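Asks: Chain by chain, the residues run as shown.
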Amino acid sequence: MTTRGWICRIGVCLLAVGLSWNMAEAKTQAVKSVRVGVIGPMKSTDGENMWRGALMAQEEINKAGGVKQGTAKIKLELVKVDTNEEVSVSDAVLAVERNVNKADFFVGSKRSESALAMQDVLMKNKKIFISSGGVHPELCARVGKDYDRFKYFFRVILNSAYMGKIMFLHLGDVAKIVKEELGIEKPKVAILADKLQWADPIVAAVEKNAPNMGLEVVGAWRPSANASDVTAELAAIKEAGAHIIFQAVSGPVGIALGKQWGQLEIPAALIGGNSYGVVKTFYDATGGYGTYMTTQTSVGPVKITNKTIPFWDSFVKRFNDFPGYTSSSYDAVYILKEAVERAGTLDSDKVVEEMEKTDYAGAFGRIVFYPKGHEWAHDVKFGSGFNTWVIVQWKAKDKVSVVWPYGWEGVTYEGSEKYQLPPWMVKQLKKK
Amino acid sequence: MQVLISGIVIGTVYAVLALGFSLIWGAARIINLAYTSFYMLAAYFFYIFTSLLGIPMVVGVPLSVFVAALLGVSTYKFCLERIRAHDTVVMLISVLIAFFFEEIVLAVFGQQLFSVPPFVEGYRELFGVRVLKQYFLAFGFSVALLVGLWIFLSRFRIGIAIRATSQDKEVVNLMGISEKKVSLIAIILGIGFVTVSSVVVSPIYVVEPSMWMHPIIMILAIVVLGGLGSLKGSVIAAYILGFSEVIVVNWLPMGAFIKSAIALLVMVIVLLVKPEGMFGVVFEEERL
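Those protein sequences? They're chains C and U, same order as listed.
Going by the working numbering, the first residue of the first sequence is number 1, and it counts up by one from there.
Going by the working numbering, the first residue of the second sequence is number 1001, and it counts up by one from there.
Honestly, the hints are just simulated from the structure, not real lab data.
Incorrect hints may have been included.
With a straight-line cut-off of 20 Å between C-alpha atoms, the simulated DMTMM-like cross-links for lysine to aspartate or glutamate are [stated by the list, open to error]:
#, chain 1, residue 1, chain 2, residue 2
1, C, 397, U, 1121
2, C, 43, U, 1276
3, U, 1133, C, 265
4, C, 430, C, 181
5, U, 1133, C, 239
6, C, 357, C, 375
7, C, 102, C, 82
8, C, 427, C, 185
9, C, 73, C, 59
10, C, 307, C, 91
11, C, 427, U, 1125
12, C, 430, U, 1103
13, C, 427, U, 1121
14, C, 43, U, 1103
As the structure is a prediction and not an experimental result, all values here were calculated from the model.
Starting from the given sequences, assemble the full structure and let the hints guide the process.
Replies: The following block contains the structure:
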């Protein structure tokens, strides 16, 4: 080989080494931090609670050194993405489109309608998206049906089908109490659900299953999620003779309902799910009239795991509020952190593989995801010993008690109390 | 019976809100879409003064009405008066004003929902139907306002001047009456109506930034249905739409979320039959 040939070969080798060194350097520089986008309606209570949950996790993780990558630890950063999704689905999609490259992973969402639209954008960009708010089963059904496209989606909270199931189990408990304490043989149930997609399967399930539970359904009322007056609905429900109002509301109507139910002393137990009823401001917003209402949520002041009470206490102390169901972003951030550490990279496909192996005892319960092939792949597993959620009952200004699970499949979390019928209901119906 | 009582109560509240709007349209000839934003502001001032600052209700309530009304009248004086000859511009600017106030409230309070204390606690049963005492109070207030307005417009010189202005501005000017002053008085009265109604009904509802939207939609439907500018038409239309809402909730519970849409449908049907509204005037004539 000529000298010229050698020089050329050495030059090419040096160029190749230099390029690969630069690329490696660039790669190292790119993972100076893990960026997690928190997507939600940040001006609303649920959005605020979502951010608070993620913020607490971020601060704790960074205080402990950060996220382990190889031998080093890198910081975890949060990117706030205000989606305004309770008002506009298109606002939500635009917000995610604008921020899709500003974060490596995403957690959050509130409205299922918006979550479905945002899911499309994030899946297209192969970004892991963990829902801590959107609850419609379709979000995970999509993963089941088209795994390759939607595998980047996970959910750390129960879907609305399971939410419905829990509400049913509690409905059975309350119906039993109504029968025992008031001597009513066949309690009547009225459904009051806002006209949003997530509530549809719940309404259908109550209408179908309540009669099998020895209950009579007197009707289903579907006000707007933003209604500020439900006195006409409540008057009609009272007229129908309902003993139990099964609510499934996620908008401001939840405040109007809690308030006017108490003001009018409607002789019916108000149970079910009310997303505005899970935070401390509910009491003041209803002027205290919401006392005795129950609602389901993802966490309560009981020992679900060893992490629950410390998380609850720190949250209340720091924000002077109760964690909402969207605060499960706290667990979502921790799960991401662990999956990224196990994967040793921020590559979405590799992190997905590790996410699927998750078995994490979080503040909100044990998190294991349904596997590929399941109808709701990547949804959090429901059941005794897994994730159960809780149902809380308002007792006083700063006090909620966990009233479910209360003996269901042997589960009663330490600190739970028995459900209590509203005193005015007992007073009015016992006379008869 | 439940439909009857709920319909009367809701219809009366709508009537008062619509009357103020009609009055403003009649005398000042402006469609002020920011009208119900003062309803929202009065509720927030009520919350600030009584719940946050702890001012007794006897002082806090009139103060809330005064401050919100002052803002409403100032908005007219400084923003709308100079452009009131341009209908479309007035509508656009007034919508912007409404959103401006909503954004201000959002910036200060966020999307948090609040409650203000009722003047009277509890409820009464009327023919087996539970009605909040606060609703009775709102009903009483509304009736008093309606009767008061009727007397004012028929017996007092300023009231008669307002009616005259709503019929023919040019003749009023020729008669030596300041149409500008009369319009301002009508604005003060109209804004007064909406702010007073707000403090009376807000203890029943929830105080939130977008609470002005539903009322303005209903008011527009009412005044169009009743006949723009017709006070009598507004009152009757308010009851029609109030009853429509209650009937939907009772007879079509699964469709309760479309109660306002059904009310608007009633408006469309009436307008198809009578385009000028029930008591609207095609030519200038007596409106009261």
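Asks: Next, verify each hint and record whether it holds.
Replies: Hint-by-hint comparison with the structure:
With a C-alpha separation of about 18 Å, the suggested pair residue 397/C and residue 1121/U falls inside the 20 Å cut-off, and the hint holds. About 42 Å separates the Cα atoms of residue 43/C and residue 1276/U, which puts this hinted pair outside 20 Å; it is violated. Distance restraint check for residue 1133/U and residue 265/C: the Cα-Cα separation of roughly 13 Å lies within the 20 Å cut-off, and the hinted pair is therefore satisfied. Simply put, residue 430/C and residue 181/C have alpha-carbon atoms about 8 Å apart, close enough for the 20 Å limit, and the pair holds.
A hinted pair counts as satisfied when its Cα atoms are at most 20 Å apart, and residue 1133/U with residue 239/C qualifies at roughly 19 Å. For the given pair, residue 357/C sits about 18 Å from residue 375/C by alpha-carbon distance, which is consistent with the 20 Å threshold. Taking the CA atoms of residue 102/C and residue 82/C, the gap is about 13 Å. The hint holds against a cut of 20 Å. For a cut-off of 20 Å, the pair hint linking residue 427/C to residue 185/C stands: about 18 Å separates their Cα positions.
Distance hint between residue 73/C and residue 59/C is fulfilled; the C-alpha atoms sit about 14 Å from each other, no more than 20 Å. Taking the CA atoms of residue 307/C and residue 91/C, the gap is near 36 Å; set against the 20 Å cutoff, the hint is violated. Proximity of residue 427/C to residue 1125/U is assessed by CA-CA distance (about 16 Å); at most 20 Å being required, the pair is judged to hold. For the given pair, residue 430/C sits about 49 Å from residue 1103/U by alpha-carbon distance, which is inconsistent with the 20 Å threshold.
Among the hinted pairs, residue 427/C with residue 1121/U is consistent with the structure: their alpha-carbon atoms are about 19 Å apart, no more than 20 Å. About 11 Å separates the Cα atoms of residue 43/C and residue 1103/U, which keeps this hinted pair within 20 Å; it holds.
When the structure is compared with the earlier hints, violations turn up for hints 2, 10 and 12 and for no others.
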